[in-house]
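Be aware that the sequence shown starts at 251, since it is given in the working numbering, and climbs by one per residue.
One should not assume that every hint holds.
Claimed, not checked - If you anchor each label on the Cβ, the simulated ranges turn out as follows:
1. A383 x A318: 33 to 41 angstroms
2. A400 x R367: 34 to 42 angstroms
3. V397 x A278: 36 to 44 angstroms
4. D370 x L329: 28 to 36 angstroms
5. S307 x V351: 36 to 44 angstroms
6. R367 x P279: 38 to 46 angstroms
7. F371 x G305: 18 to 26 angstroms
8. T385 x P279: 35 to 43 angstroms
9. T385 x V355: 21 to 29 angstroms
10. E363 x G304: 14 to 22 angstroms
11. A282 x G305: 36 to 44 angstroms
12. F347 x M382: 19 to 27 angstroms
13. R387 x P279: 35 to 43 angstroms
14. D370 x L317: 12 to 20 angstroms
As the list claims (entries may be wrong) - Keeping only pairs whose Cα atoms sit at most 27 angstroms apart, straight-line, the calculated DSSO-like set for lysine-lysine is:
15. K319 x K360
16. K319 x K283
17. K396 x K360
Derived from the structure by calculation, the hints contain no laboratory data. For each residue, glycine too, the CB sits at the ideal point set by N, CA and C.
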Amino acid sequence: MTHQQASSTRWDFDPQRDPNLLSDPVIAPLLAKNEALSEALRAAVVPASVDLSGGISHQQRAIVGMLAKADKPQPAVVLLARAGFGEDAHALARSLFELAVSARVVAADKSGEMAERWIDFSTAESYQLLRMARTGRFPSLDEVHKVIAANPGQF
251 MTHQQASSTR WDFDPQRDPN LLSDPVIAPL LAKNEALSEA LRAAVVPASV
301 DLSGGISHQQ RAIVGMLAKA DKPQPAVVLL ARAGFGEDAH ALARSLFELA
351 VSARVVAADK SGEMAERWID FSTAESYQLL RMARTGRFPS LDEVHKVIAA
401 NPGQF
């Protein structure tokens, strides 16, 4: 009885043996998504001018913040995918997609309200994370449920 090797699957892909990640059936779509998300973020930033003569608008400030926030996850997606961590790469790619959508919305909103909302949320989120890191105290699930129940209009 002869044993025939199964065709290549996502589980036997070896990036050391085959460095062309586009041949991997799981990683190739992630790399394509990463490129598409990077291009979407670039395209969303193009309409926002960089004229600093009158100071920085909320819109410009928000988009610069989004670019800074996207700086580390973008190459991390590729590194994780190359190392075989497709699910983790996909999670980061999803957050990049959310940033691209936010950038598009902020760039399209001429009133600047969406930019202010993004900046306010980002600031509050950073403050909460810093506070939790400094105190070592993270909210329990019960505390989270109480806050949500007390503020139903915000969630």
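Now for the hints, and whether the structure bears them out:
no.	hint	in the structure
1	A383 x A318: 33 to 41 angstroms	violated (19 angstroms)
2	A400 x R367: 34 to 42 angstroms	violated (21 angstroms)
3	V397 x A278: 36 to 44 angstroms	holds (42 angstroms)
4	D370 x L329: 28 to 36 angstroms	holds (32 angstroms)
5	S307 x V351: 36 to 44 angstroms	violated (20 angstroms)
6	R367 x P279: 38 to 46 angstroms	violated (32 angstroms)
7	F371 x G305: 18 to 26 angstroms	holds (22 angstroms)
8	T385 x P279: 35 to 43 angstroms	holds (41 angstroms)
9	T385 x V355: 21 to 29 angstroms	violated (34 angstroms)
10	E363 x G304: 14 to 22 angstroms	holds (19 angstroms)
11	A282 x G305: 36 to 44 angstroms	holds (39 angstroms)
12	F347 x M382: 19 to 27 angstroms	holds (26 angstroms)
13	R387 x P279: 35 to 43 angstroms	holds (40 angstroms)
14	D370 x L317: 12 to 20 angstroms	holds (18 angstroms)
15	K319 x K360	holds (22 angstroms)
16	K319 x K283	holds (18 angstroms)
17	K396 x K360	violated (36 angstroms)
When held up to the earlier numbered hints, the structure conflicts with 1, 2, 5, 6, 9, 17 and fits the remainder.
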